[in-house]
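Protein chains: 2
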Amino acid sequence: MTFNMQSHPFDNATYLNQQETGVYFGHTSANYANMIGPFGGVIASTLLRSILEHPDCIGSPVSLTVNYAAPVKDKDFKIIAKPTRTNRSTQHWYVELLQNEQTVISSTAVTALKRNTWSSTELAMPEAPPFKEVPKLPMIDVPPWVQNYDIRIIKGAPRAFTNDSVTDSVTLQWIEDMPKRKLDYLSLTSICDAFFPRIYVRREPFVPIGTVSLTIYFHIDASTLGKERAQPVLGHTRAINFNEGFYDQTGEIWSSNGVLLATTTQLVYYKA
Amino acid sequence: MTFNMQSHPFDNATYLNQQETGVYFGHTSANYANMIGPFGGVIASTLLRSILEHPDCIGSPVSLTVNYAAPVKDKDFKIIAKPTRTNRSTQHWYVELLQNEQTVISSTAVTALKRNTWSSTELAMPEAPPFKEVPKLPMIDVPPWVQNYDIRIIKGAPRAFTNDSVTDSVTLQWIEDMPKRKLDYLSLTSICDAFFPRIYVRREPFVPIGTVSLTIYFHIDASTLGKERAQPVLGHTRAINFNEGFYDQTGEIWSSNGVLLATTTQLVYYKA
Numbered sequence: 001m002t003f004n005m006q007s008h009p010f011d012n013a014t015y016l017n018q019q020e021t022g023v024y025f026g027h028t029s030a031n032y033a034n035m036i037g038p039f040g041g042v043i044a045s046t047l048l049r050s051i052l053e054h055p056d057c058i059g060s061p062v063s064l065t066v067n068y069a070a071p072v073k074d075k076d077f078k079i080i081a082k083p084t085r086t087n088r089s090t091q092h093w094y095v096e097l098l099q100n101e102q103t104v105i106s107s108t109a110v111t112a113l114k115r116n117t118w119s120s121t122e123l124a125m126p127e128a129p130p131f132k133e134v135p136k137l138p139m140i141d142v143p144p145w146v147q148n149y150d151i152r153i154i155k156g157a158p159r160a161f162t163n164d165s166v167t168d169s170v171t172l173q174w175i176e177d178m179p180k181r182k183l184d185y186l187s188l189t190s191i192c193d194a195f196f197p198r199i200y201v202r203r204e205p206f207v208p209i210g211t212v213s214l215t216i217y218f219h220i221d222a223s224t225l226g227k228e229r230a231q232p233v234l235g236h237t238r239a240i241n242f243n244e245g246f247y248d249q250t251g252e253i254w255s256s257n258g259v260l261l262a263t264t265t266q267l268v269y270y271k272a
Numbered sequence: 001m002t003f004n005m006q007s008h009p010f011d012n013a014t015y016l017n018q019q020e021t022g023v024y025f026g027h028t029s030a031n032y033a034n035m036i037g038p039f040g041g042v043i044a045s046t047l048l049r050s051i052l053e054h055p056d057c058i059g060s061p062v063s064l065t066v067n068y069a070a071p072v073k074d075k076d077f078k079i080i081a082k083p084t085r086t087n088r089s090t091q092h093w094y095v096e097l098l099q100n101e102q103t104v105i106s107s108t109a110v111t112a113l114k115r116n117t118w119s120s121t122e123l124a125m126p127e128a129p130p131f132k133e134v135p136k137l138p139m140i141d142v143p144p145w146v147q148n149y150d151i152r153i154i155k156g157a158p159r160a161f162t163n164d165s166v167t168d169s170v171t172l173q174w175i176e177d178m179p180k181r182k183l184d185y186l187s188l189t190s191i192c193d194a195f196f197p198r199i200y201v202r203r204e205p206f207v208p209i210g211t212v213s214l215t216i217y218f219h220i221d222a223s224t225l226g227k228e229r230a231q232p233v234l235g236h237t238r239a240i241n242f243n244e245g246f247y248d249q250t251g252e253i254w255s256s257n258g259v260l261l262a263t264t265t266q267l268v269y270y271k272a
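Protein sequence lines, in the order shown, are assigned to chains A and B. When we follow UniProt numbering, the leftmost residue of the first sequence carries the number 1, and every step to the right adds one. When we follow UniProt numbering, the leftmost residue of the second sequence carries the number 1, and every step to the right adds one.
Where hints are given, some of them may not hold.
What the hints assert, rightly or not - Partial pick of chain B residues on the chain A-facing surface, computed with a CB cut under 8 Å:
| hint | residue |
| --- | --- |
| 1 | Ser7 |
| 2 | His54 |
| 3 | Cys57 |
| 4 | Thr65 |
| 5 | Arg88 |
| 6 | Asn100 |
| 7 | Thr103 |
| 8 | Phe206 |
| 9 | Ser213 |
| 10 | Asn241 |
| 11 | Gly245 |
| 12 | Thr265 |
Unchecked claim - As a list, the in silico EDC-like pairs of lysine to aspartate or glutamate whose alpha-carbon atoms are at most 16 Å apart:
| hint | chain 1 | residue 1 | chain 2 | residue 2 |
| --- | --- | --- | --- | --- |
| 13 | B | Lys114 | A | Glu244 |
| 14 | A | Lys136 | A | Glu176 |
| 15 | B | Lys155 | B | Glu127 |
| 16 | B | Lys182 | B | Glu127 |
| 17 | B | Lys271 | B | Glu228 |
| 18 | A | Lys114 | B | Glu228 |
Don't read these hints as lab results, they were simulated from the structure. For each residue, glycine too, the CB sits at the ideal point set by N, CA and C.
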């Protein structure tokens, strides 16, 4: 199977035009639209792309936090990315996405040069049947962004898609870009946010929700990630607590061959 | 037991002098010194305090991310706190701590007005013997900040303190301010960072480590927190992955009576 990186809808969706150092212009993508506005995962990837394409960037991302301050409108936006501190092997970033000169998204990130040292993964990869043996998510009544992923839910589908009665919000799913695309930090970022909202797993009504803050720790170094092929990854997530309008969503993303790629947590607003 | 909030060493350590709106001056505290420089938990609390004392602040904190960009020196510092976006019920913040006009810490936070709605805690509080039945941590060879806490480790003490052989980095501990102090968002923030580094639980050598980025989600609303008394809280934490110089530390803080107060995650640099 062959595919052209540059023509993949994901690369177009996150495309930025750098006007001057650290100042970019972009546009939301109809392919990755959500129910209202763009899919937050692709917006997070776009912010990360502004860092990785910055001429002063050193190393690869280890930490990213994105704060969704206001709804992103379907139109042009400006991104300003600034290194706030550059050390010998780590670099700290502050990034803002603006529309009408107002802050819509704020973000901090850390990039770093990793080096070989003692390493240990404590968590075991969850057991899961092979990707091909899990039925594909039916693409009925889903927003456009979902149609760019092949999602196969092993456990914890939204209540609207299943008759299973559940008592927790745990989801285990295979996911890959559709059409296929080689995994990189940008697609991994988006995949960290590509779980259905936890409250839809616990409760049937489609209440309004929105991510308030998203954090991703990248556990894979650039050279190992560079060896990954275009293949599905396994995502595991759950909410620990739903409390008075806000819940968390905590998860891990594993490569098919059992490497922990990223851990992620987000805080989500809900109206129930 | 009585105590004076204003004279508690923690309140002195996080004290800020607001010179103009959102511009503060503070000083590191010898009481909360770490091996080198100040304890990062108290620095995180001080940044949060700059938000909570800002005249434009609405609501109480729901999310806080603190990026430790460079070592904080033991001396004066300046904090600049800005609301980046104010909505009807949520507010987004960007805060920087500067020394010599350079960014040393950057931080984002979300404050919000919570409201009563459907709520559910999925995780059970870990089982633990009562605080009084667990031996107190011996205060030998510990940095000054540890001496401001009564820490009682049920499981997962640093290898230097114990002969237990362990295969994971899980720690379960009771902790409270010493002298006692009523719990608030500031002390809760600091307690989220008051676990010993995970790598010292897994491995004996005291290798250099430093938190790179810390995220806290506050699950307790202000009025419920206001009813908390000065009493120990239960902290549970673990690392999922140690990889080429960076590991995560993920945890939960519970009140004595089983309320989930906060979830937290941090990325830590280590040299092994």
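Okay, the hints, checked on the actual structure:
no.: 1; hint: Ser7; result: violated (33 Å)
no.: 2; hint: His54; result: violated (16 Å)
no.: 3; hint: Cys57; result: violated (15 Å)
no.: 4; hint: Thr65; result: holds (4 Å)
no.: 5; hint: Arg88; result: violated (11 Å)
no.: 6; hint: Asn100; result: violated (12 Å)
no.: 7; hint: Thr103; result: holds (4 Å)
no.: 8; hint: Phe206; result: violated (14 Å)
no.: 9; hint: Ser213; result: holds (4 Å)
no.: 10; hint: Asn241; result: holds (5 Å)
no.: 11; hint: Gly245; result: holds (5 Å)
no.: 12; hint: Thr265; result: holds (6 Å)
no.: 13; hint: B/Lys114 x A/Glu244; result: holds (6 Å)
no.: 14; hint: A/Lys136 x A/Glu176; result: holds (11 Å)
no.: 15; hint: B/Lys155 x B/Glu127; result: holds (11 Å)
no.: 16; hint: B/Lys182 x B/Glu127; result: violated (24 Å)
no.: 17; hint: B/Lys271 x B/Glu228; result: violated (39 Å)
no.: 18; hint: A/Lys114 x B/Glu228; result: violated (43 Å)
Hint compliance for this structure: hints 1, 2, 3, 5, 6, 8, 16, 17, 18 are broken, all remaining hints hold.
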